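Q: Sequence:
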Amino acid sequence: MTSGPAIARNRDEILKRLRETPLRTGQLDVNGRCNAKCWYCPVKYEGNPEEFDVQMSLEELDHILGNLRASPLIPKEFWFLYTCHYNEVLLYPQLEELLGIFRKHRLCTSVLSNGTPLSPKKTDLILANSDVVRGICLNIPALEPEDWSRKAGFPVALHKGLMRNLDYLHEKGKAHIQVNCDTTANGQLDKSMGATPEQAQSIQAAFKARFPNFTVGLNQRLSDRAGRLESLGVLARHKPIETRVIGCSHSGSRIFEWLHITPKGDLFLCCDDYEMEYRFGNLLQDSFEKIWLSDAHVDAIARAFSNICTGCWARVDEQVAAIPA
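Position one of the sequence shown corresponds to residue 478 (our numbering), numbered consecutively onward.
If you are wondering where the hints come from, they were derived from the structure by calculation, not from laboratory data. It should be emphasised that the depicted structure is a prediction, and the values quoted were computed from it without experimental measurement. For every residue, glycine included, the Cβ atom is placed at its ideal position computed from N, Cα and C. Please note that the accuracy of each hint is not assured.
Unchecked claim - Below, computed lysine-lysine pairings styled on DSS-like, alpha-carbon distance capped at 25 angstroms: (1) Lys-581 x Lys-553; (2) Lys-581 x Lys-741; (3) Lys-637 x Lys-685.
Unchecked claim - Pairwise CB distance ranges, derived in the manner of DEER restraints: (4) Lys-685 x Glu-528: 39 to 47 angstroms; (5) Asp-608 x Arg-496: 31 to 39 angstroms; (6) Asp-776 x Pro-499: 18 to 26 angstroms; (7) Asp-644 x Arg-580: 48 to 56 angstroms.
Between the sequences and the hints, there should be enough to build the whole structure, so can you do that?
A: Right under this line is the structure:
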């Protein structure tokens, strides 16, 4: 294992890192649509990318997970894939079959949801498959109806259903509620709906009082999604400086330690690649190792280091050497 984020200063080093850095986890988007319009998400302002507003078939899912499991590049210890990108996994119509396919390939996942599709039936299904579903995390930015409606982009009338879903889950099992806010005054732009630290803590306390068996966390510094949300007037970007990007420190290293898969089976760069623009191969067409070690993958990373990564909060960079006179 590497002692820190894997770095690469040229194409040869990028390929070396791809060969030698153990893969730890990843994201697999089985349903390219979200029903929420949260203020901190590009979906609110642009909608889900039309090209990937599709659902992966069970046959495609089985093929992709089998492709991964058969690859010599996937460590035996590799056991977990998030079923998300900018989507709502509980809208996937064949959730029970999805969990069975994960089990078949000795993989686990967790449920990341806004909570509105979390019916009692789906809750029972999730809890009955705890060997595959290793946790439920609900991204809910507020508890009170009007505040929730404004921040999550749902009609106020849906709030009662959300509370019924949470009450049922609270009675039956455990979950984590993630309150996504942004309490940094210099990070909030005109369309921000963040909060002061005191307001955020008040929301957290309200959730804890209402659902004492859940854990409740605050995410008080949100990513602007590689400049996308700054261009939409929502959150300020982590400004590039006079450096060059040589790596990524997001959750270890998103670029070298994670894999990311579109609903169509494409491998792409990372969670901030909203349009899934940095694609470099398809798991329904080629083997994982052929794609992962391909020139197209090296090209995608090299291009990203000069573009999407330059303002990322998790970039690893170094000063550019001065050009001799």
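Q: It remains to establish, for every hint, whether it holds in the given structure.
A: Right, here's what the structure says about each hint:
| no. | hint | result |
| --- | --- | --- |
| 1 | Lys-581 x Lys-553 | holds (15 angstroms) |
| 2 | Lys-581 x Lys-741 | holds (21 angstroms) |
| 3 | Lys-637 x Lys-685 | holds (18 angstroms) |
| 4 | Lys-685 x Glu-528: 39 to 47 angstroms | holds (41 angstroms) |
| 5 | Asp-608 x Arg-496: 31 to 39 angstroms | holds (33 angstroms) |
| 6 | Asp-776 x Pro-499: 18 to 26 angstroms | holds (23 angstroms) |
| 7 | Asp-644 x Arg-580: 48 to 56 angstroms | violated (29 angstroms) |
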